[in-house]
Each structure stands twice: as structure tokens, then as C-alpha cells.
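The chain contents come next:
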Amino acid sequence: MVDYAWLVPLFPLLSFVILLFFGQRWRSGAAYTGVILTFLSFVVAVTVLIDQIGGSTAAVTFDWLRIGDTVLSMGFAVQPLNALMLALVAFVSFLVQLYSKGYMAEDPRIGIFFAYLGLFTFSMLALVISPNLLQFYIFWELVGVCSFLLIGFYYYKEEAKAAAKKAFIVTRIGDVALFIGMILLFWQAGSFAFADIFEAVEAGNIAPGMVTLTAILIFVGAVGKSGQFPLHTWLPDAMEGPTPVSALIHAATMVAAGVYLVALMYPLYLASSAAMLTVAIVGGFTAIFAASIGLVQRDVKRVLAYSTVSQLGYMMLALGVGGYVAGVFHLMTHAFFKALLFLAAGSVIHAVNTQDIEKMGGLWKKLRFTGPLFLAGALAISGFPLLSGFFSKDEIFVATLGAGRWILFAIALIAAFFTAFYMFRLFFLIFQGEARHEEKDVYESPGSMLVPMIVLGVCAVLGGYVNTAWFGTFLADWFGSSTNSLGIDESGGSPGVTIIATVVVLGGIYLAWLIYGKRAISREWLSGRVPWVHKVLYRKYYVDEGYHHTIVWFTSGFSRFLGFFDRFFVNGLVELSAVLVRAVGGMVRRLQSGQVQTYGTVVLIGFVVVILIMAVTGGYFQ
Amino acid sequence: MDLETLLSFHWGIMAPEFTIFITAVVLSLMDLFFSRHFNRRLFAWWALLGVAVAFIFCVTEIGSPVTTILGGTYRLDSFALAFKMLLLIGAGFVLLMSVDYDKKGEISYRGEFYYLFMTALLGAMMLTSSADMITLFVSLELLSLSSYILAGMRKNDPTSNEAAFKYVVNGGIATAVILFGISYVYGFTGTTNLYEVNEILNAGNANPLLFSDRYLIVFSFVLVFAGLAFKLATVPFHMWAPDVYEGAPTPVTAFLSVVSKTAGFAVLLRFFYVGFAQAAGLHTSSQSGPEIAFASLEPYFAVLAAMAMIIGNTAALKQKNIKRLFAYSSIAQAGYVLVPFVAFTSLTVGDIWFYLMAYLFMNLGAFAVIQVVSEKEGSADIQGFAGLYRRSPWIALAMAVFLVSLAGIPATAGFIGKFNIFLGALLSSHYWLASVMIGTTVISYFYYFGIMARMFLRPASHPEKMAFPLGAGIVVCLGIAGTLGFGIFPNAAIGFLHDYFQLGNFFPE
Amino acid sequence: MSDPYFLSILIFSPLVGMIVLAFMPKDVKAPLRTVGFLATLLPLILALIAFVRFNADMGELQFVTSVPWIEIGDPEVTNSSLYIYYALGVDGLSLLLILLTTIITALAAAASVKIQKEIKGYYLLFLLLEVGMLGVFASQNLLLFFVFFEMTLVPTYFLIAKWGYREREKAANMFLIYNGLGSAVMLIAFIVLFTQTGTMNIEKLQAIDFSRLPSTVPLAHSAFRYGLLFALIVAFAVKLPIFPLHSWMLRVHAEAPVPTVMIHSGILLKIGAYGLIRFCMGFFPEAFADFAYGLAILGLINLLYGAFIAFRQSDFKLVLAYSSVSHMGIVLLGLAALNTAGIQGAVFQVISHGMISAMLFFMVGVFYERTHTTELRNISGLAKSMPRTSGLLLAAGLASLGLPGMSGFISEFMAFLGLFERLPVLAAIGTLGIIVTAVYVLRAVMKITFGKTKEEHQSVADLRLVELLPAAVMIGVIILIGVYPAVLADSLHLAIDSVLVGIGG
Amino acid sequence: MSGELLAFFILALIAIGGGVLMLNMRKVIHMVVALVFTFLSIAGLYVLLSAEFVAVVQVLIYSGGVSIIMLFGIMLTRHNDRSEVSGGRLRRFLAGLGVLVFFAIIFYGIKDLALGGGEILLSGQSQGGDQALYENNTEKIGISLYTNYIIPFEITSVLLLVALVGAITLAKRDEAKELNDDE
Amino acid sequence: MNDLPLSLFLVLALVLFCVGLYGALSKRNAVIVLISIELMLNAVNLNLVAFSKYGVIPSIKGQVFALFTITVAAAEAAVGLAILFALYRTRGTVNVDDMDDLKN
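Residue numbers (my numbering), protein chains in the order written: chain A, 1 to 622; chain B, 623 to 1131; chain C, 1132 to 1636; chain D, 1637 to 1819; chain E, 1820 to 1923.
These are computed hints drawn from the structure, not numbers from a lab. Among the clues, some could well be false.
Claimed, not checked - Beta-carbon label-pair distances, calculated as ranges:
#1 C:A1354 to A:G190: 35 to 43 Å
#2 C:P1162 to A:S556: 26 to 34 Å
#3 C:T1504 to A:F569: 24 to 32 Å
#4 A:V17 to C:V1618: 44 to 52 Å
#5 B:H1084 to C:I1150: 27 to 35 Å
#6 C:L1596 to A:A274: 53 to 61 Å
#7 C:V1597 to A:G362: 42 to 50 Å
#8 C:T1504 to A:L576: 26 to 34 Å
#9 C:D1134 to A:L576: 51 to 59 Å
#10 A:T555 to C:V1159: 50 to 58 Å
#11 B:H1084 to A:S556: 48 to 56 Å
#12 C:V1159 to B:H1084: 25 to 33 Å
#13 D:K1808 to C:V1159: 53 to 61 Å
Unchecked claim - Restricting the straight-line Cα-Cα distance to at most 30 Å, the calculated cross-link-like pairs of lysine-lysine (DSSO-like) are:
#14 C:K1245 to C:K1515
#15 C:K1515 to B:K1087
#16 C:K1585 to B:K1087
#17 A:K365 to A:K535
#18 C:K1248 to A:K157
#19 B:K940 to C:K1583
#20 B:K942 to C:K1248
#21 A:K157 to C:K1585
#22 E:K1922 to B:K942
#23 B:K942 to B:K1087
#24 C:K1157 to C:K1248
#25 B:K942 to C:K1585
#26 A:K535 to A:K157
#27 B:K998 to E:K1922
#28 D:K1663 to D:K1776
#29 B:K998 to C:K1515
#30 C:K1251 to E:K1922
#31 C:K1585 to C:K1515
#32 C:K1301 to C:K1251
#33 B:K998 to B:K1087
#34 A:K535 to A:K366
#35 B:K998 to B:K940
#36 B:K940 to B:K1087
#37 B:K998 to C:K1248
#38 E:K1922 to B:K940
Quantities reported herein were computed from a predicted structural model and do not represent experimental measurements. Note that CB positions come from ideal geometry on N, CA and C, so glycine has one too.
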């Protein structure tokens, strides 16, 4: 079945093409088309996954473009990592599309919406099965565009417009780095194919400095896509898009592509400890940085967005400290619970028509399904014991500690504390207490929205059991079986770490309960004491403002300067020469006075000058 | 020398000149004896007949060997023949134009106009054939005097008179200057025959006496050049041209700018390349002895050519009067033709001939249009061309072709002519001269396209259609045929020249 | 492929339309338009036939014609006579550009339905222009090339000056003077080559190793070759255009009528690139290699300069104009790479930018027709009333900023791929341009399509079918090249190899 | 000092004097009269140069013909002897300067120029030139005119015809025009 | 026959030529301008005749040339004067400075 893996992205592509041409007329048909085709894709993906677990791999390529003697090829490959991703993406995509059928039912542009989703799913799936970096990059960019299109789906909203633009440009900065890294690797390894690159790396054909450079450049690409510091600013803004999009693209799949990329290129990173360290530090820093911002945001989707950034930081951290399986594992579990959280948040928003958590409250009773599902998600992400997040996070802690990165370990712990805190801050503000919203009639979402949430809820709860220290490291074994070269040696669980982490998480939840649930502690306790801390956090450390006053300001000023330069200098030279030519003409005309004797005089002078020069230079007067 | 000797010459080779001469005489007699009511306009066709017959005689002379009469006072060689054919075609065109000129009858002496025109043509033709300075001088004067009178033909029009007067004063001075130079040439060589002059002055002979006087010899030739340059209207001897072109009747302007100029170039070529080029120059080097005079003068000529191109093209930019504009344009064109003169290669004579031919077709075509338009408008203001495309699309199109050709844009004869000139200039490594030429050519786009912009882009001041008279119409059609034909199939002319003419026999043995 | 008349027929096939048009009355607008458009299909069909019949695996010129044209020098005087030949022939590069020309011309003809005045004259000039462009790419003789090159000048001048926007005449004059100067320099260089080698045949000149010429020939000295190459580069730099010779192009783009700009930025600018490859690189491989660094820097300047200025333009047409400057920088960068990838990238960029900018300007025309403005501040939110148009504009914009799956990416990718091998630092700086490009393209495109819809544009009509078809064709070609670049690359590689042989890469 | 030299100096003095006077006279008529002296003295110089026939022609045509028609010209154009306008001084200065420089350059070359006869021979011409011009001067000229220079001679006749016709055409008062208008 | 130095005649001719040239360029009366030109031609004739006797190869050609010149000069004078008359009729002046309708 793995040989048919190319079918997986094909169905969504089909969906995109069909909907592009007919979507506008069909409306509800559009949703069905999208859902069904994605479901087919999911089915194939699952069979591929099963097949692959059975041990079969595939690598098919065909010639795509000839550059002199070099032939660039396209194709697909199936290995454990991408088989897993394939199924995961198809799965989440299917669920989100199902959800969207209900969520977007009222939107007049639903056809376009599903077309975009189809294109995105196609791109993401094709990205996943890419056998070479170039193909990967192509689809990497395409998913970026889909993200851009979907963020700007509500094109008439200025915020959406700005957010879409920002998303595109900021990720493009990362993309360019990836682009450079990719090309550098090509000239080092002579090929874009992953296999060839890794071979070259292992054979030591690439200078260590170059390895580090390319690894870091590629990592910058991942940073852009996965919203890592300092290119994280677009991701929270991206929440201007429809909520299902946030769930699918900006939580579960696309943003995880950065992590996936690093995992994919793992042999490269293993060859450079500097690059590994960079990844770990950026990941760790992002984890706590974003989590701290998430503590104070008021927009439910923004909180979740910062949470995503933070969790992606975790994954990077894991990869950076050698926890390959941990990173990928967390990627998977995160996909489940974050998608769940977003969908649940969407359900809430759908119900109360606001995203401001201060305007919610007391929804537990009214949203009988959404509430518990959200809670499940929150517990999972916080790492509540025995839920999926618990296991994956645990592995990250273990890996960090195993690599001897004490500081990062501490940071990760604090971030975990923050995570638990802000998730439950959300939970309590939304579902507990009195209702602060204006909406009179709050209804639970329709079944098409609830079903995906329930499925995801189940996964969020149980997803962790594919790889646990207690019940078997299935995932790690699977990866280990096929890719020995990664040098995976996961140290199993470490009870001490588990206990510490559990305590921290519970502490976070408890604190949130104290403040927002029980209100034992005043909410202004901290913001009253050190208001600037709150303010700094609320304004996201002024990163956006900082960028605005440096990079944006500089670019704008520079381009204004060049504009003037172009207008007055470059163009001015042209005008000057025209003026010069006309001046000569004017001079001639002035001489042409109409006086015949003037003409004669001019002739005479001209003539005399000629023979005078001749006489003088010719040595006549000797 | 007795009568037999005289009769032994091949007087037949002068048939074209005789034809023109006879036509002039017949026309003058007709003018004298025909009734006053007879339409003198019809003389044009008679004159044209004469020109055609002369042209046929020229054609029959193609391929005949070099023949001289009376010790070189008249010399028929391929060079002369080739230029004569140009002159005849040009004259024919001007005659055709003149049929329709002056509908209002400002020229009361139309009969005189035609036979003076014929004598001018006779002078021009003789110029190309004269290998003797006396013949040369007298022919030149015949051409000039006839031209002076023709320029003043609209005698009730002050501008025409003024033009004629300016022409005569400047021309008179130029004549004196030429003569002054010629007198020294005669003095130093004792002969008036250019081929003998060449023999005596030839630097190879290294005559010590002449060598010591080489400065004076060079100066005397510069004097002659100055006088001839006046005819060609190259800078700085050009200043009369705009005024005269503007004031003279349009066909006369056309004649001056094409026929007279062609004759001027013919005589310049012969005078310099034959008579003078080999004389001792100013500078001497210990190894190779004295350089030839042409080499010493070359840089000066080059500067003059460059100035003609620059001044002609820049001054044309702001002209309001179309004839005046064309005067400056023709100054610049003369500058272009001077380039191969300066950059002497084996291609020079052919290049000049071809360029003058192209110039003939495009410039006379343009003048035919100018004449008709300015007659209709009652003024030669460039504004008269506004909206021509609407009033008379074909004529506007034709004018556009002429202008494009004058600007030297491909698919026209003007381009091929310029191309040949560049080729020659670069072949002889005159890089800066070629650059000036091409740079000023680009400047010329401004005013040529300016006229086109007026014709095609501006609204017409009044919308009535413009009919085109027969004579001018024929000129325009032939002009188009020549401009495009020789632009696309240049070998029709170049190959013809190469196959049937031996331009080499123009040079002394 | 020994069909000697085929190329001539192809080149002059627009004349058929011109003749038909010439005999049609002036005031029947619709038939004139139809004939004008149909006339552009004839060369298109012929070009497609040529493309099909072209043997991509044959490393020599195809459809060759060679007829003596002009005799230089009188055999009696010079003892030898040289001929300049009417020589035509195509290799993969020429063929692709011919195909591009015919496609864009047909599309521009379709876009010309909005022309209202003097339709007959318009189409006549338009078709004449096509003859010139086709000739340029098919010429195998320098003089012939020059003739056709200049032949494009006059129709373009009039197309700009007559059917353009407000300051059309000034723009036309600037066009004329710049291009005139450029072609003047080019002519000098061509003739110098001719005087020193005795041939104007492009293929022969490429085969000559100038450094092996006898040392009495100036061309044998490297300094002279540098000078000549510099002249040629300047000549084509005007056309391309390369900073600082670009100001004319901005005006043309801002003032010319839409179909003309489509042709202009789609094809005419490309003649500059074609010249750089065929002549500069083809004739002076070593000298070109020595110049490569400078060219790369110029390319970099073009790329960034154009991009940065485009970022602040308030007129959409000017954004696109500067964007062209910027994109042509990539062509230069590709060429400066001196390797297959770079050159192939440059060629791809030529073709890709041709399609993309034609499409963008086509969309400009569509918008202008409906809103009567191209000022960015006056338009916004058109996605509401014109969803299809906006979608296509967005697609074209994305293609322009190098989105994978579209042609722009392939060319940028290959150009940088090549450049990174040779000049990694410059290439790295150049990638900055990719970011800035994204910035200005999105800014402009989103300004038009996104945001609140203006009151007066609430109910403007979306694309009509006659507009939709050309746009669809263009985006189709763009995507086709983007998805399956081999469609171009296959016929190109031999042409590029032959250029590279001289460089020794 | 030989007689010839003396004659030369006297004649030269008159010639130059006439020219200079022409430049400096106030009245136009006087200017022309001054020039008549120059023309006459030039005729004298021709005699010194063994060119009797030319001298005669000079007297007839210049002193007789040309000067007279110039006088007529002056009479007929009624010049109100207002002397030079003050403007154009710069131009006159430049003209004078140009003339002076021209004079200086040529003068430097000819100030002691002497061309010995017959030293340079044409390849095909053996005789050393005609030393005795004064013998049968008129006959020689006649022969020359009617043999070698018959063509220019004929052209000159056309030229005179042209001048004649032209002069009449241009100078005539236009009565023909009025007649034409009657038609 | 006792020879006078050639240079005497040449210098004299040069002087006359220069006088004529200056006169043609500076006199206001058109008639005087014309007559100045005649003076220049006369100077040339003097040259020709002098060379005819004292030139490199003395010959009658110079005198013949001078005759032609005289004839031509006379014709030129006549034509010039005729043009001047015509001009005077339309313009009412013979002042050269006033003849500047055609300019620039």
C-alpha cells in the first residue's frame, strides 16, 4: 500500500480543483466534497501507515527538471516519520473539515474556504512525503500561502489583512534562510535528496562549519514556520482567520512542519553540536517566553496561539537535546489536544460570538459537550498525569535532563507550570463563574462540530499511550527499527522527573484555581504590585513594537530614500543631459541672428581658428 | 590644337550636359516666343523630358571607359556618371514638385524659373565631371548664380529676397575664398588640372621646393575646403543655410538641400582625393618621412564633421518653421556625409554615393510633403502638420517613412546609408567620430519624431481633407519606393554600383 | 528541420493581418478588433508548429535561412567582397522567446479590446511590432538583429504616444531616446565586431576565439574586448533595464496603454536579456566571466533597489514597473553565475517574468477600466465586487513573488542555485530581495483586493469572458511552467550548453 | 630701385589706398570711387605682369562696367548716407581680428616666397613653361580659350546668359504681374 | 626682363583680399558689401596673374583663369545688385543690418 502513498495528497488536490471551479455554486456540496475526499485520503493514509508499520518503505522518484548534467527529481518516500505525519495530517484535516461544515455553514464563501482547505491539505501531505529538500521547500511555501489565504479569509477585515500579510512576510524570512540552507546543501552534497544529503554528512564530505551553517539556516526556516522566537509574532496574529483554520494550520499541522523539518534533517543536526544547542536554546526560550505571554492575554485564541508557540518550543527543545522521539511524540499529541482546544474554543466562540475571555464565563452548564472536551484538552496540554501530554512532555524532560541541560530543564519546568496555569485560567474564566457575555441564547454546537471534537478528545486522552515508559515505547521502537542512523537511544522513564513535573503541573492548575476558580487570590495581585510586568507581558514584550521601530522603520526609510534618489538623482541626470543638449541648440540659435555679416564673421573666426591651430601645432612659425 | 583635334574628342560623352543645355535654351526660347497666356507650368514637363533624356544618355554611358576631353577639362568616369545620375534624379524630383508649387502665382517668371533651374543643373553636372579647376570654378559659379536667382524668385516676398541676398553675399565671399585657395594651388603647381596637380604635389616625389612650402599648400587647400564647405553647408560655413532654406521657394530649397549639396560633395571628393590628398602634410617623422596632407587635415575635418552633426541636430530641436528645421537637419546630414570623407577607406566613395542617394529619396520626398502642406496652410510653420494623419493619412504615413529614414531607423535607405558610414568610420578606427554621429543621430530622433507626433497625435486645426497634387504625389511615391526599396534591398543599389561602375577609376593612376 | 522559408513565414506572418486591416474601413470597430486579434493567432500557430517540429536533441540551429543581403565593399577596389546575410535560425532559446512573443502578443491583442480610438492604426502598429520582435529572436545576423530591434522602436513609440495615458508623449520620447542611445551603442559594437572579424553571423562569431586572432586585430587584445563587451552590456542594460538606466522604463510602464505594457515588459525588456546571453556571453565568454562579479553586483542593486522603491510607490503601475527592475536583477544574477543553473534560471526568469508581468498589467487594465484609477489609495476591497479578478490578481502577485508551483519560483530558484555556487555572499544578500519582493507585492495586491470596499466600487462588474480567457491562459502557462519546468528546460539545455562552452563551465 | 619696382610701389600704394579709403569713407559714392582707383591700379599691375589683355579687360569690366552699375545701384537705392550704426562693434572687432590673423598667417608664408620657374616637371611635359607671356599675349589667350578651355568658355557664356536673365527678372519692375491679373 | 619678387604681388593681393573681406563683413551698405566681394575677387586675379608669370611653371593658364574670374565676378555683381534691387523694393532699405527677418 505504501506505493500508493501518492494518492494521499491527490484527493485533497482534487477537492481543491473541483471546488475552485464549482465551489461557489455548490455551497453545502462544497463541504461534502471536501470532507469526503479528505476522508478518502485519510483512509489511504491509514493503510499506508499500517503498511509501513509492517515494515515496507517506498521511495519513488521521477525526473522533473534538468539543469545541465544535474537532474532534479520529484517523487515520494514513505518512512516511519512521515507515515505517521501523513496519517496525522489527514486525520486532523478530515476532522477539521468536518467541523468546518458546521462552523462555516453560514459563510457565503464556504466553497472557497473548502477549496483552500483542500489545497492546504494537499500541500501539507505532499510536504510530508517529499523525498527531497526541494520538493519539501516547494510545499513548505505552498502551505505558507494557504495559511496566508486562510488567515486573510475575512479579507474585508483590516486586522485579517494585516495578519495575513504579516504571516506571509515573517514566515518568508525564515523560508529564505531555509532556501539558502537548501541550496548550500545542494552544492555540498550534489543533490537535494535527503538520503544523499545524509550520506554526504555521514561520510564527512561536508565541512563541519558548513554543516553547522546549513543546519542553523534550515532551523531558521523552521523557526519562521513554527513561530519560534524571534519570528513568532505572526502566529498569534494569525488567529484572525476562521477558528477551524487555527486548529488545523496554526496548531496541529503546518506550524508543526518546522519541528517536522528539524526531525527530518536530524542527521544533519546530529553532526553539529552547535546547531543542536541552538535548536535547544531557541526552543527552550520560546517555550517559556510564549508561555509567559500566554499568562495574561484576554483573547481565547491568542492564549491558545501563544500556547502553541510555547509547545512548539518544547518540541524544538526536545529535538535540540537529542530527544528525537520525544519531539515527534509531542508533536503528535500536541496535534490532538491543540486541535481539540481550538475546536472547542471555536465552539465557544460560535456560541457567544466573542473571543474575549473576560466576556465569557459560566458556560459549563450551557455547553455540555464543549466544556468537558475543553477540560480534557486543557488537562492534556498541561501534562496532567496519564493524559497524552503527560507522557510526551515527560519524555522531553527526561531527554533534556539526559542531555545534561540543567538550565533548559528548569526553564521547561517553569514553562510547564505556566502552561498549566494559563490553560486553567482560560478554563475557569470561560466555563466557571457568572456569565459576562451579552449573548442571550447560547446553544451547543451542531453534531458535525461536536463529533470531530469528541474524536479528538479521545485521542488527546489516549494518544499518549503509543509511547510510554510504562506501557511500552512503541513509537520509539518503530522509529528505531527503520532509522538506525538517527542514533536514537531513548533512556526510558525517570520516576524522579515524572514526579517533579507532575507536581509542577498540579501546582499550576491549583494556582489558577485559586485565582480564577475560587478567587482566593486577587487577580490584581501581581499586576498591582509590579504593573510593568503585567504590561510587558500583555504587550508581548513589545516585540512587535520593537520590530516596527527598527526593521520596519528602517526599511520604510530606506525605500523612501531610494525613491528620492531615483526621482531626483537618477532621473535628474537624464533631465540634465536633455537640458545640456537644448542649451547647445539654444546657443547655436542665438548665434543665428539673421545678420548676414555675423554669419560671415563666424565663418571667418572658425576658419582662422582652424588654420591658426594648424599653423601652431604644425610648426609653421619657425 | 586645330579643329581636327577638337573634333577628334568624344563629344558624345557630354550628351547629358548637352541635353540639359539644349533644354535650357529651348525653354528660354519658348518663354520668349510663346504667348503670355500660355501656361508656363507646362514647362516643367518639357524640362522633365530633358532630364529624362539626359538620364537615358547617362545610362548608355555606363561602362564606358574613362574619357577626358581637352586635357581633362571634362572627364567622364564612373564617379562622375554615378553622381550625375543622382543629380538628374534629384532634379527630376524637384521639377515634379515645382509643377504644383505656387498655386497663387507669386512667381511671375515661371518660364525663367525652369530654364534657370536647368542651367543650375547643368552647372552641377559639369561640376562632377570637371577635372580642371577652371571648369570646376566656372561650373560652380553657374550653379551658384542660378541658385541665387532661384532663391529670390518670389520677388515680391521679402523673405525670398532676403534669402537670396544672404545667399549671394555669403556665396560671393565663399567664391572669393575658393578662388584665393585655387590661385595658390595653381601657383605652386603651374597647372589647373587636378590630376596633374596630384602628380606634382605627390609627397612621394618629395620635391624640396614644394616641401618647404607645404604649409601654404595645405592652407590653400583649407581655403578651398572652406569655400566648398559653404556649398555643403557644414559647420561653421553653414550659417546661411537656415535663412536661405526658409526664405527660398520650397522647390528651390529642395534643390539646394539635395542637388546642390550632392554636386558639392562630388567636387569636394574629386578636389581633395585627387588633387590634394597625397601632398606633403604638416608633420614629418624621421622614419616614414612626411605624412600626407590628408592625414594632417583629417582631425580638423573630423572636428568639423562632428560639429556639423552636433550643431545641426541640436539647433533643429527647437525650430518652429519646418523648412528651417530641415535646413538644420540637412546641415547634420552633411556632417554625416563628411564622416566617410574623413574616414577614408576603399568604401568611402561608394558610401557617400549611397548616402546621398538615400538622402535624395527621403529628403525630396519630405520636401514634397512640406511643400504641399505649407502651401495649403499658407505658412511653413510646423504647426501646419498637426493632425495631418486625419486629413490625409497616406501622406502622413509617407512623411513618417521619410522622417524615419532621415532619422536612420532600419528598413529604410537612410539606415543602410548610415550603416555604411559607420562601417567605414569604424573600419578606419574613427571611434569617437562614429560615436558622435550615432549620438547625434539619437538627438535627431527628438525633432523627427516631434514632427511625427504632430502629424499623428495632435488634433488638426481644421479638419478638411488634403488632396495631393499629381507632381508632388509622384515624388512622394517614388520617394517611398526608393526609401523603402533601398532600405530593404540595399543591394539593388550597392550591387548596381559595384557591378557597373568602377569607382576606382576616379583616382589617379 | 531544413525548411528555409518557415522562419521567414513565421516572422512576417503578421503582415497578413496588416494587409487585411489596411483594406478595411476605419470605423468598423468590432471587425477591426476581431481581425486584429485573429491576425496574432497566425504567428502563434506557426510558432507552436515550430515548437513541435523543433528537435530538442539537435545541438545546432534549425529552420536555417541564409541569403546574401548587403554587399560590403566594391570587389574592384577592395579585391574582396563581403556580404551581410539575411540569416535566420533558431535554437532552443530563440524558439522559446518566439513562442513567448507570439503568446503574449496574442494575449495583448485580446487585451486591446479596450482600445477605443484609431483601432485600425493601433492594430497595424501592433502587428508591425510583432514582426520586429519575432525577427529579433530569429535573426542569426547582427545587422538583421539590429534592423528588427529598431523596427520595434517606432511602433512602440506610437503605441505609447498615441494610446497611452496622460503624459504619454513624454514617456514615448524618453523611451525613444534611451532605446535609441542603447541601440546606437549596440550598433557601434556590432560594426566593430564586423570590421574586425569580417562576419556578422552570430553563430560564426560565437565560434571565433577572439584571443587567437592575429595581434594586429585590436580584438585580439583583451582590453579592447573588455571595451566592446562593456559597450554591448550598456546597450542591453538600457533595454533590460539595469540601474541606473531604468528611468525610461518606469515612465513607459506608467503611461503606456495596457496591451503595450504587456508586450513591453513581457517581451521587449527581454530582448535585453537575450542580448546579454547571446552576444555578451556568447561572443566574449572570458571577458564576460571577468565582468561577472560586477554584473552580479549590478544585479543585486537592481533587485534590491527596485524592490525597495516599489515598496513605497503609490501607483500600482509604478509598483509593477519597479518590480520589473527588481526582477530583471535576478536575470543578471543568474547570468553572473556563469553556470548552467544560473543561466537557465535567467532564461526562465525572462520567460516567467514575461508571462507574469503581462498578466499583472492585464489585470491593471481590467481594474483601470472599471475604477479609472491605478492609485493604490483609491482602490481597496475589490475582492468583494470582483472576486475572480481579485483571485487572479492575487495569483499573479504570488507568482511574481516567487511562489513555488508557479514559474517565478523556478527561475528564482535556479538563478540563486547557480549564484550560490559562484558567489555565495552576494547570493545571500540577494535573497533579501525575495523577502522585500513579498513585502511590496503583498502590500500592493492586498491594498487592492483586501480591506473595505469603497462605496463607488461596490458594484463594479467582475471579469467578462473575453477578459477571463486571456487571464486564464496566462495563469495556466505560469502554473504549467511552475509545475513542469521541463517543458521549457528540455529545449533549452543545448542552447545553454553552447553558451557555456566558451566560458568553460 | 628699378623702374618696375617703382611702378609697382606706386600702383600698390594706390590700390591699397583705394581699399583703405573705401573702408573709411563716409559717403557711399566716395567709397565706390575709391575702389575705382584700386581697380585701375590693379590693371596697371597686370601690365607689369605681362598680361596686357587681362589688364584691358580689367579696365573695361571693373572700372567701366562693375563700378558703374554699382554706382547705379547706389543711386537707385537712395541710401541716406547715415554713417555706421553704433551697434555690432564686437562683431566688427572680431571680423577685424579674424582678418588680421588670417593676414598674418598667410603673410608669414608668402613674405619671401619665390618659385623658380620650371624646376618641377610634369612627367609628360617637357617644356619648362612659357616664359614669354608678353609675346602675342592676346593671341595666346585666344588660342587657349578656344582650345583647351572651350568648355568653360561655353559654360561662361551660359553663365552670362543666366546673369542677364536673372538680373532682368529680379530687377525689373513688375508690370507683367498686373497684366496677369487681368486675365 | 628684370623680375620683381613674386612675394610683392602676393602680399599686395593678400592685403587687398583682406581689405575686401573686412569690408564685406563690416560695411552697412549692401552695395558696398557687394563691391567688397568684387575687391576680393580682384585680389585673387592679381594672384593668378602673378603666378602666371612667376609660378612654378609659368603659363598662360593663369591669365585665362583670371579672365574667367573677371567675367564671373561681373556676372555675380550684376545678379547681386539685381537681388538687392528686389530686396530694396520690398524692404525699402539697403542696410545689411536690417535684413534679419530670417533668423534663429
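Handout entry: Those earlier numbered hints the structure runs against, lowest number first
Key = Result: hints 2, 4, 7, 15, 16, 17, 18, 19, 25, 28, 29, 30, 34 break, sorted rising.
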